[in-house]
Each structure stands twice: as C-alpha cells, then as structure tokens.
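Mind assembling these two chains? They're in different frames, but the hints should get you there.
As you go down the protein sequences, you meet chains A and B in turn.
Numbering follows our numbering, in which position 99 of the first sequence is assigned residue number 99; successive positions increment by one, without gaps.
Numbering follows our numbering, in which position 167 of the second sequence is assigned residue number 167; successive positions increment by one, without gaps.
Hints are not guaranteed to be accurate.
Listed next, the stretches of chain B that the computed footprint assigns to chain A, with coverage defined by at least 3 CB atoms under 8 Å from CB atoms of chain A [to be verified]: (1) 89-96; (2) 253-264.
Derived DSBU-like pairs: lysine-lysine, alpha-carbon spacing no greater than 30 Å straight-line [to be verified]: (3) A:K259 x B:K338; (4) B:K259 x A:K264; (5) B:K259 x A:K27.
If you're looking for bench data, these hints aren't it; they were derived computationally from the structure.
These numbers were taken from a predicted model, which means no experiment stands behind them.
Just so you know, even glycine gets a beta-carbon here, dropped at the ideal spot from N, CA and C.
Given next are the chains, with one letter for each unit.
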Amino acid sequence: MNMEKNTIYSPYKMKIEKITEEAPFVKTFRLKFINDEDAENFSFRTGQFGEYSIFGEGETTFCIASSPTRKGYIECTFRQAGRVTKALANLDEGDIIGFRGPYGNIFPIDEWKGKNLVFIAGGIALPPMRSVIWNCLDLRENFKDITIIYGARSVADLVYKNELKEWEGRSDVNIVTTVDPGGETPEWTGKIGFVPTVLSEIAPSSENTIAIVCGPPIMIKFTFPVLEKLGFTDENVYTTLENRMKCGFGKCGRCNVGKVFVCKDGPVFSLKQLKELPAEY
Amino acid sequence: MEIINKLIDKSSLSALIERLNTSGKQVYAPVTKNGLCDFAKVESVQEIDFDSIATIQSAKSLVFPKVEKLLSYEKTYDDVIVKEVDLTKIPEVIAFAGRPCDAAGFIPLNAIFTSDSVDQIFKTRLDKLSIISISCKKADDFCFCTSVNGSPSNTSGSDILLTEISETTYYAEIITEKGKAILDAYADLFKDSAVVDKTPFVAKIDKQFSTEIINEKLKTLFESDIWDHQAMRCVGCGACAFVCPACGCFDIQDETKGKDGVRHRCWDSCGFKIFTMHTSGHNPREKQAQRWRQRIFHKFSYQPEQQQEFGCVGCGRCSRACPSDMNIAEHLKAIAVK
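The shape of chain B in the complex, shown without the other chains (with noise of 0.2 Å):
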C-alpha cells in the first residue's frame, strides 16, 4: 500500500484513545510507573509516557506474552479432557506510541513463528494487533538502530507513525491496511498533509556498523576466542533476551492445581545453561561464551540466512538492562573490526 500523508493535532490524541477504548479496542501504552516505563493497558492520553527513550521491556509481549496458555487439561478418574486455546477470545489490540525499534521487533518475531509452519496463537496476536508508533525526538547512547537497518522514523512494522511536527502536530504517516482502517474508523481526527522531510524534526543517531560486514564477519569467526573475550563477563541471567522485542526462545511446562491445569510457553534465553542441556548432563552449549556466540549468530547469521531478518533492531534494551554492563553494540563494532 503506498503510504498516506496526514496530520493529526496533539489535543485529537485524546479523543482517538477513547474512541479506540470505546470501540472494544485494548489501547497499551507507554506508561511510567515508580520510575519505570512500561507497555500497560490505558483508558487516556494522560496515562501515556510520551518522553520515555525506550520503555524497560519491549512490546513483544502483546503478540507473545511472557507466560501464555498453549492448552488446558482436566484429569478425570481415567481420561484427560484437554481444551484447546480459544483464538476468537484473542482481543484486538493498539500498541500506542512506541518506537519504531518497536514495531520493527515484530518483523523478526512474525518470520521466527509464522514461517515453515504457523504458531496460530502468535498469529492471530499478531493479526489483531494495529501499531501506531512515535518517532524518536531524542535517543540515548544506547540506541543503535541506524546500525542495523532501522532509524528513528523508521516506518518498518507500523500501521500508522507519528512525527511531532511542531508543538501542536503530529505528522501521519499511514503504511498499511490496518493503519488505513484506523484512519477511515477516525477520519475527522486527521487532516490532508503532503509528504515531509522528517529529518529535522527526529533524533541524530550515528551508523556504527553495518549488519552486512558483521554477517560477513561471523563467517570465519565461530571458533575465534572473542567470544570468550566479550562473554567474561556475563551472568547468564538472560535479561537481555527477555527485554528484547526480537528474542522468540521459549520453553513449554504444566501448571497444575488438583485435576486442573495449564500447558504455558514461557520466555526463555539462551543465555541459560540448563537451555540446552540434555538429560544425560551432556550439554552441547556448555560455557557462557557458547552461548554468547549463539545469541550474536542467531541474530546476524542464523536468521538472516533462513528468514531473511536479522534479529535486532538496535532498541539498546539489553545494554540497559545488563546487569554486569555488556554493551551489544561495543561488542558488535568489535566484531566488525575482528
């Protein structure tokens, strides 16, 4: 669909929230809360965290939540009745005024459940839910999206994108058929616009490197001892995979209270030894450098040869959220100079 030109005032957010909430829609936001910014459920722009660089956890969890029910069972004296997931229950979700690292998070996560065979749960999710970003006015040192493809107007996995224009404006940008649907639904919320630069108006991030020489690095590197260079240091706590809006590991466990119970999927890391540990003890991804290998593989090798994706948007979460200070950029500028 070529994308469509609009303008949008601030004060119309107001009434486009609540029309949204009204019309059955669940409306996640960033919101600030103790100090911390997160995706929750809001009823009013009031709510919304508009300043926020990036919020602590990625929107992932609206298409793929940190703990989700696969299926129910209920153990009779000798049968098992087992209930399958309702998708029609699934809500239609507005993921508001996140980031363009955000929205594109979404592509890597779809091509990891939806191709060769399709995860109907992340599916359905993910066909329910309309994406209406922010672009970034202001960046931190973490954020590297212009290093891996992205940018901070970056349209990529938005139905619809806002560019604050000037004090009072939002510029529109309307990309795909979910966006156009918003924009027909509220029509009177937006106003006719030609095309604009948006340069000026979104934050300066430097390029630092490029996904096309680490991709190409990564071919001789597997058995080079950077990776236990850049791993010393890691925990193994497997933060950076939870905050990450691309990260799609997870486990499969029952939950069960009397002759009731729950089959969850689970957010889960690489990062963890027991990930892949076999019954035996025997463990192909032994030490934390391993591990450190594949997650940088996985993400600019693995995906980008089998699903054409790479794995990482440059959102900066995991070097925010390390506890022992690795910097996934550093290390990635390393490997594009190995």
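Bound-form chain A, shown alone (with noise of 0.2 Å):
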C-alpha cells in the first residue's frame, strides 16, 4: 500500500515497534510505518489525531502523542477503556495496527513565538499536550518561559513519568507535578492539590502568555477562571476537545458542537472560538 490509496478509510499499516506502560492500564505504543514510501511522504503537525485501528476489532480516535520534530515515527498513549483499546492493549511489539491520519487542526505555535507557555494538564489528557510541549522545547529558542502544571489522581496515575522526571531536570522548563489528596505516597516530593488550585498558587503571569489545558472536564471547568482571574484572555488560552469519532473528516455526524465539527474544525480550540459555541460537548 501507498498513499495512492483508493478510498479515505483505508488505513496505512504499522508496526508497533516498543510499547510502554505508563500508569495502571495506560500505555504508549511507538508506530512505524511498514511502507518506506508511506513514513517519506507522511507528515503531521502538532495537535493532530488519527484512527488507529486492530483489524476486526474496529477504529479508535487517539492525538497524536509524540511531536513532528521526531521524525519517522508516531506514538500514540491510550487507556483501556472500550473494547478496542483493550484489544491494543492485548497487542505485543511487532504486531501490525492500522492508522488513518492526520485529521484535524493544529496548536498555532508559530504564532506563540517569542511568548510564555503554560501547559495546564490533568490526567490521561497529559499525551496530547505532550506532543505540543516536545514541539515547543525541540524549537525552544522560538520561546520565553515554558511553565508544565501537571496532575493526576494518584502517583501511579501521572503518565510520561520518565519525560516528567527529564523535564524536571532542564533549567529551560519549570515543572510542577500534583497529586490529588490523598493520592500522594510517602516519596511524594511534588504537590499535592487539584490542579486548578496548583495553578492558582503558582500563579504565572498572564502577560505575554499562552495557556494550554487539557483535561477532564471537571478539571476544565474549574481551571478557566483561575486563568481568568490571572488576567489571560480568551484569545491566549487553548484547549483541545474529545468527543466521540468515526470517519475523522466530518462525515460521520456525530463529533459537531453547534456548526463545527471536532475532527475537521478543531480539535484545537482558543476559549474564545469554545465560547461562541453552544455548549453542548
């Protein structure tokens, strides 16, 4: 197969070249392409998704976790939940998956250069502002102060525990990990509150700042007026939304908020284009 393909459903095929646990059920799989001609001409930008799919199990919608600068791969990070992410998730190293992508708009960081980023992320929502923050930092001169706020439930929840523990150790990035009470364990050297409370106390300015959250929806929910307080306006504050998906290019019907449609307008969205939208996600 090639990227002459007959029809915008069939899926590239790819090998799972190195699978990584992440948290409890949680996992990473790297991808390669099996066809050198489909890794030469495929190319993505940050904020993009895909529909990875086990061959008799069906499709499933995942971002694209690892960032364009790393060339000739893609990883993708997933929790068991439905019936084919358990399938993946029964997958070894060298199994073949198919891969239909990338869909989607993008995070504009080439319009954030010369800024501040603060990424704000809870939970299993971490990969797809992972592939964002590897993008920014492997283009770090293009930006100021970079700020990583990040919590999850527990400490066996955090995900990219080996990336966190790196990140941490660069002078060019400040990170701040939380664990929600009573998630910490007695190593715990990180905070320990909701991220939305985190975020308050640290207190980054808003000035010359974007902000990036991603979350679960009560964690979003909360997160918006504390940026708010902090000054950042609509127009600096990106998210990306999830909803369910089929097809990826806006034929299934299902992903619409109001008029526009998840996985052809967005997944990425400024709080002021998510505000003009009915609220209905």
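Encoded structure:
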C-alpha cells in the first residue's frame, strides 16, 4: 500500500515498535510505517489526531502524542476503556495495526513565537499536550519561559514518568507536578492538590503568555476561571476537545458541537472560539 | 446545460427499461411487494409501481447503501493483508421513476460526502448513477416539498424529469449531460417538444413555512424548551434517519469470520443515545430532546451554513415512518411561529 489510496478509509499499516507501560491500564505505542514510501510521505503537525485500528475489532480515535520534530515514527498513548482499546492493550511489539490520519487542526505554535507558554494538564490528557510540549522544547529558542503544570489522581496515574523527570532536570522548563489529596505516596515530593488550586498558587503571569489546558471536563471547568483571574484573555487560552468520532473528516456526523465538527474544525480551540459554541460537549 | 424538451410515449418506457438493462446498466425503480413499495432492481416496466406517492425507503441507498464495504482484510500469522474497495467494480445504475424529492435528496447528501474531503466510494456511485424521475400527480398530507424549496415537478437533482401530460404521453425534460447521454443513446424513443407548463399536470402542495424563516428562528432557539416539548414523544428508534433521503450519518464496524473480515460503513442516526456517547459514559447529547434539536439544527442551520444546502427535501418519509406520530412539518411550523 502507498499514498495513492483508493479511498479515504484505507489505513496505513503500522508496526508496533515499542510499548511503554505508563500507568495502570495506560500504554504508549511507538508505531512505524511498514511501507517506506508511506513513512517518507507522511507528515503531521502538533495537535492532530488519527484513527487507530485493529482489524476485526474496529477503529478508535487518539491524538498523535509524539512531536512532529521526532521523525520516522508516531506515538499514541491510551487507556484501556472500550473494546478496541482493550484489544490494543493485548498486542505485543511487532504486531500490526492500522492508522488513518493525520486529521484535524493544529496548535498554532508559529503564532506563539516570543511568548511564555503555560501547559496545564490533568490525568490522561497529558498525551495530546506532550506532542506540543516536545514540539516547543525542540524549538526552544522560539519561546520564552515554559511552565508545565501536571496533575493526576495518584502518583501511579501520572503518565510519562520518565519524561516528567527529564523535564524536571532541565533548567529551561518550570515543571510542577501534583496529585489529588490522598493520591500521594510517602516518597512523593511534588505538590498535593487539584490542578486549578495549584495553578492559582503558582500564579503564572498572563503577560505575553499563552495557556494550553487539557484535562477532564471537571478540571477544565475550574481551570478557566483561575486563568481569567490571572488576567489571561480568551484568545490566549487553548484547549483540545474530544468527542466520539468514527470517520475523522466531518462526514459521519457525531462529533459536532453546534455547526463545528471537532474532527475537522478542531480538535484545537481557543477559549474565545469555545465560548462562541453552544455548550454541548 | 440548457434543458432539452422532449416527449416520450408511455408505450416506449418498456423499450427504454429493457434497452437500459441490455446495455449493462442496473435499473432500480419503485416496486410494491407485500403492500410495501421500495426501490428494487427491475428488468421490465411491468414490475414498476408508478402510483406510489413515495417509497418507504428513499433512493439514497443507491449511492449510500445501508451496509457497505469500506475495505476487507485477511489476517495471517504475522501480518494483515488489507484489500481496498475496487472502485471500477461499482456498477452503472439508473434510478427510475423516483420522485423529484428523491432526486433532490442527492444534493445535500453529495455535499456531506464530497465537500472538504472526497469520499471516493460515494462519489463513484453518484457519478455512475443517472436519475430519471417522474413528477408527482398526487401528494398526501405528509408531503411538504414546497416548504423546503422543492416542488412536485422540481428538476433539481434529476438528469431527466418525466411529467405525465396525457393518458399516453410523458413530457421529458433532459436536464443534465447524463440525461443527454440517455437521450442520445435512445433518441428513437423520444420526440421533439415545445416547453410545456407542468402546473396543470402535477399535485398542488401548499407551502406551510419557509426554510429561511426556520433558519432565522433557530438562531435564538437553541436553549428553547420547544425541543423538550416536541421530543417528548420520541422513542429514539432512528427510523426517521433511515428513511430520510438526506441523512448521511454513519457508523464504521468490523466484521470478522475466521481470518477474513470486512470493515463496513452502516447507516446511523443522531437519534440514538450511543451515537455520541463517550467510552467514559459522558454524553454531549444525553437527552432525546438534545438529539431531536441536533436533527433539526443539522438540517436547517448547520448544513445550510456550512454547505449551502438544507438537509430536508420535504418528502415526509420521517413522519410516515415515525412510530410515535411525530410530524416534522407540524414541528417545523411550530418552530416558524415560535
């Protein structure tokens, strides 16, 4: 199979090169194109997603969790939850899956040049943000201060533990990790508290700063008001939406929020754009 | 293309159907079986039901089948062989004796499947479909095409439109290049004609509201309680979407037998709770009223805004099919005066 596909439903075949256990029931797959030509012709930008499939089980939607600056592979991180993700979790390195994509819009990192960035993520929502974090870190000179605030329910639930350590070790990244009260271990040296609370404690300046928020609905709900208090305008706050999807290109009809399709017009939205949509997500 | 005006004798339809079949085209037309009229493959004109006001299912399955293969796969010990759909195998099809609303339904459907990114399977099917419709001599209380920019003799979407103008004769309007190709191939069956005023020969359907008013009203009605009131009766069966000529929503599912399998596209409906339900259980359209609102907004607000086409042709099929007697025309009228 090559780029000249008969239909937009034909997936690339990809081999699972590496599996990383991130947290209970959460895994990262590193995927490589089986066909060299596909690998050469494929490109994506940060914020985009794809349809991953096990033949016989079906397709499922995840963001591309790796950065476009890291060539030759893509990564996805998922939690076992439904039929397809359970089947995916049973696969081994060397197994073959299908991938369609990339779909959707991007984080406008070109527009963020010369600005401070604050990444705020909760739980399993770090993966979509990991792509844009690494993208920005790989182009570090383009940005001023980079702050990462990441929280999970418990220490075990934190994903990308090695990368969190790596970011902690970098002098050009301010990283704060936190776990919900009761989720700490005796060895835990990070913060204890919910993400919005930690955000208001740290109180990053909104001056010349972009905030990128990604997390469960409850976290998002309490984070936006904190950002507003800190002086962030709606144009400078970004998030990425998730909805049930099938096709990935605005035809199957289920992921719309008002007239906007999350798959085609999103998944990345500024808070300004989000506020113009009906609250149906 | 400028419309070419012709006449065709009713007695020539038999030859037309036979010769279309002989040329290798598949002819689908309304056929009544066990009292139910639906599009079916025909080989002779005798099989066709010319009297039915509307088939139960629309003609959309000719380009968007209820279940359709997107790809097939074969699993081997350490690999998967993916076989793509062979678009060259898609047959040439004639939709014969459908109604102007059937033909009009292909327009919004085409907008869904070919705007932004092109669904090649749909496009190939539509490219290979020629539509010979017949104007409506009669209508029932469910018909409301004139309220959604259509009419019983509307030419939009058809390649040829036939209108019965006497016991023996149809007035034939050749509308598109595809229609002209049929005319050219069977020119001996057609006679020249002047332009005919079709009005006396077709059903009269009163206009009950306008799409423009509905579209305008919806701008302020998203949070209205009208959706709760109207959807109270809805049982969420999805029949309205399945019979609708303009509904294009679908699901994608794999079906495996042993090592072999097929990835299918299947009709779906925004009326189903599971349509939008996340794996977590969260559902952006949790209530039936939200799903009914989505149905009306998609057809009368989002589609016209995004694709310049209304997603309703006024065929009334959803109202005829609804097991709890929801009547879309009545509901739209209520929205228009809200």
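Against the structure, the hints:
| no. | hint | result |
| --- | --- | --- |
| 1 | 89-96 | violated (count 0) |
| 2 | 253-264 | holds (count 5) |
| 3 | A:K259 x B:K338 | holds (22 Å) |
| 4 | B:K259 x A:K264 | violated (34 Å) |
| 5 | B:K259 x A:K27 | holds (27 Å) |
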